[in-house]
Amino acid sequence: MTPSLSKIVEEARLSARALIDYGESLFNPTIRLGVTGLSRAGKTVFITALVHGLIRGGRFPVFEAFDSGRIARAHLSPQPDDGVPRFAYERHLRALVEERRWPNSTVDISELRLVIGYQRPNGADRTLTLDIVDYPGEWLLDLPLLGKSYEQWARESLSLSREGPRADLASAWHAQLATLSAEGPADEQATLEAARLFTDYLRACRDERFAMSLLPPGRFLMPGSLAGSPALTFAPLDVPTERTAPDGSLWAMMVRRYEAYKDIVVWPFFRDHFARLDRQIVLVDALAAFNAGPAALHDLEAALSGILDCFRVGRSTILSTLFRPRIDRILFAATKADHLHHTSHDRLEAVLRRAVNQAATRAESTGAAIDVVALAAVRATREALVARGRDKLPSLLGTPAAGESAGGEIFDGNTEVATFPGDLPLDAEALFNGVDAFHGLSSKSAEQTDFRFLRFRPPLLEAAADGAPSLPHIRLDRALQFLIGDRLQ
Amino acid sequence: MSEPAKESAKPYAKHRRPATFRLDGPGVVVVDTEEAGRPARGTIQITPQAEPAQLPAVVETILPARRGFRWGALLWTSVAGLVLLGLGLSVTHLIEDLFARSEGLGFLGAGFAAAAALALIAIIAREAYGLVRLATIEKLHRRAAEVLLSDDRKESRAVVADLLKIAHQNPRLARARVSLSSHTDEIIDGADMIKLAERELMSPLDIEARRLVSVAAQRVSVVTAVSPRAAIDVLFVLAAALRLIRQLARLYGGRPGALGMISLARQVVAHLAITGGMAASDSLVQQVLGHGIAAKLSQRLGEGVLNGLLTARLGLAAIDVTRPLPFTALPRPVLADLAKDLLRKREDEE
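If you read the sequences in order, they're chains A and B. Under the numbering used here, the first residue of the first sequence carries the number 1, and numbering increases by one thereafter. Under the numbering used here, the first residue of the second sequence carries the number 1, and numbering increases by one thereafter.
By construction, these hints were calculated from the structure, which means they are not laboratory data. It is possible that some hints are incorrect.
Unchecked claim - Just a few of them, taken from the derived set where beta-carbon distance is under 10 Å, the chain B residues facing chain A:
| # | residue |
| --- | --- |
| 1 | Val28 |
| 2 | Pro48 |
| 3 | Leu196 |
Beta carbons are placed, not taken as given, at the ideal position from N, Cα and C, and that holds for glycine.
Model the full structure from these sequences, guided by the hints.
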């Protein structure tokens, strides 16, 4: 990306904003915690459980400030950004606790401000303001587009769509693509059709059986108010290398719209939200990838490294805070750890560590702390040992969501089952070992897969004496300790 | 991650297929942990597992209160009374004889007798005070443990007030006392108040207690390693243990006399018996076996380490017994910490 004048102005504005933020934080320290993850990773549940745990109290033995009792109180407070929807904490909590269903997924950015009153170990009373920013991980995958031209993106998207299980899903779009000529005259109807087929292909990739992650542009799947606008009506073309788009051609129109997408969608998100984050947690649903197969796992790895690339990581120094905000801690969390027996949590972490390894070493060299954790923000299962003949299977007890199926049976959402999801290998490398490393739903029928992680309903909770019950969790406290523990010292 | 399941540690080659069982399905039996055995042929046995993190909060083992009439106490009291009467009688006789011989000797004898009686009364008063004080601390411990469960705000204030009274004699706690009393009027829940008091008042004492225990353990291990006779070891270990218990009791505000020491030592041993069994199975054995290399190098060295660890364990039990508050907000010192101190010292010496 060549730095144009407008970009330089934008950067200057970004620095000015950071400077103002810094001035505010001198008197009232604020952390902007970004919570993201690809869809169905569990962002909403994570935030709901985190806020609930801090406000109502929970079991957080590893979260030192909370466990040692230094956190006196936490309460919600009006958020600073008036143009961003508020995170509907109360509604999500009701869905979890009363209706026993998982809250609806994030489709847009939302924000919640939590004010934590705490005492420093030396006894001084302080307040920490935690701004939790929740945004879809798909938007993150758009950020690399800022540095890519249309031609570059089109080539990458096309080559990706011609690989593995994606090729089948993209066949309809590929067929239509073959009829288009990049240098032919601009044709609105053909463009609309191409964009529709391209979006269908992206949506198909996200299906549970394939669970692909790397699907930019993210806003195609969550258009919101922009649905149908030209900025969302483009698709990759088979563009020739070494040439530029002729005026009035289909190619030129696509380029213009792609640039519009970047200007209208990607850059505002980067400027207003992403560049202002201090801490980031990336939630990853690795289990869905295990369900689907090796291709999904590779895709997830690529998506994660794409995500890591766009973090402005680095240690927060006074200078850097003044002129350029940086994220100095990133936590990668494999969510839904309650779908695994605790003896396998280490292996899940190992898999995730392996997936972010390359990108993490790069980020670590710039001074940012990166950690990986297997967690469950709300724990839906209990553990059990199933003895079948001589086999002892470390299993989980829980109520599968209505419509989940296993072993040819479809559950109604009220039956309790014990499920053994399959053994994760000791060596995480084994899972990344080529396309036949293990079998998932994308290549085999449901009876022949190596892993089967059922989706469980939220747990049945007994209300505490003062109303809302505390939510059981796995390692949410460790995540909190990593993300904000140092700022509560 | 307490115990890696053996079966899940199989190599990837023996991958087991996922499986799901309905709890109400045919041939599925749900059993408790205790009954788990080999399942009958063709059935599937499901044993729910409790995870440590999900268990209800561990309630401090409260030493069983003595019940019923204490015959032993009656026996000892009456025997002591008789001995005292006998002594008194013989002293009276002695003084009468002295007066019969010469008036001066008689007055001298009477003076000695009076001084002895005064000293005896003072000693008895001190012992009684020590015993009452120990009882107060023990009761405070129990009351604090109850408040932690009941979260009773009023009772927590009373406990903290009593605690402040006990801590009053310790100058090192002056600052902590002030900061704690400033909190007593605030709106703090009962259990949190106790935790607050623990953090304020106990943390400096805990550090000192840990130091005392590790010093005693080190001394015992060194003496055991170099002493020529087993009998000397035994005497020394006994003396060191008693000394340690007394030091800890004093540190936490108790003033045990001889009788107090006897009662304390009994409590410590009882506590050791309650907690020792569980702990011995994990940490101690692990420590001893893990450092079995030391024993291989030299038998006496191994015995020294072992004796030191036993002393440390005794010290930890003594901390539990003498501390006026249960461990909740602050971490309970564990053997592993002390063992580390011990072995580090040992390595330094060699």
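Now for the hints, and whether the structure bears them out:
1. Val28: Holds, because the Cβ-Cβ distance from Val28 of chain B to chain A comes to roughly 8 Å (cut-off 10 Å).
2. Pro48: Hint holds; Pro48 of chain B Cβ to chain A Cβ min 5 Å, cut 10 Å.
3. Leu196: 7 Å, holds
In this structure, none of the earlier numbered hints is contradicted; all agree with it.
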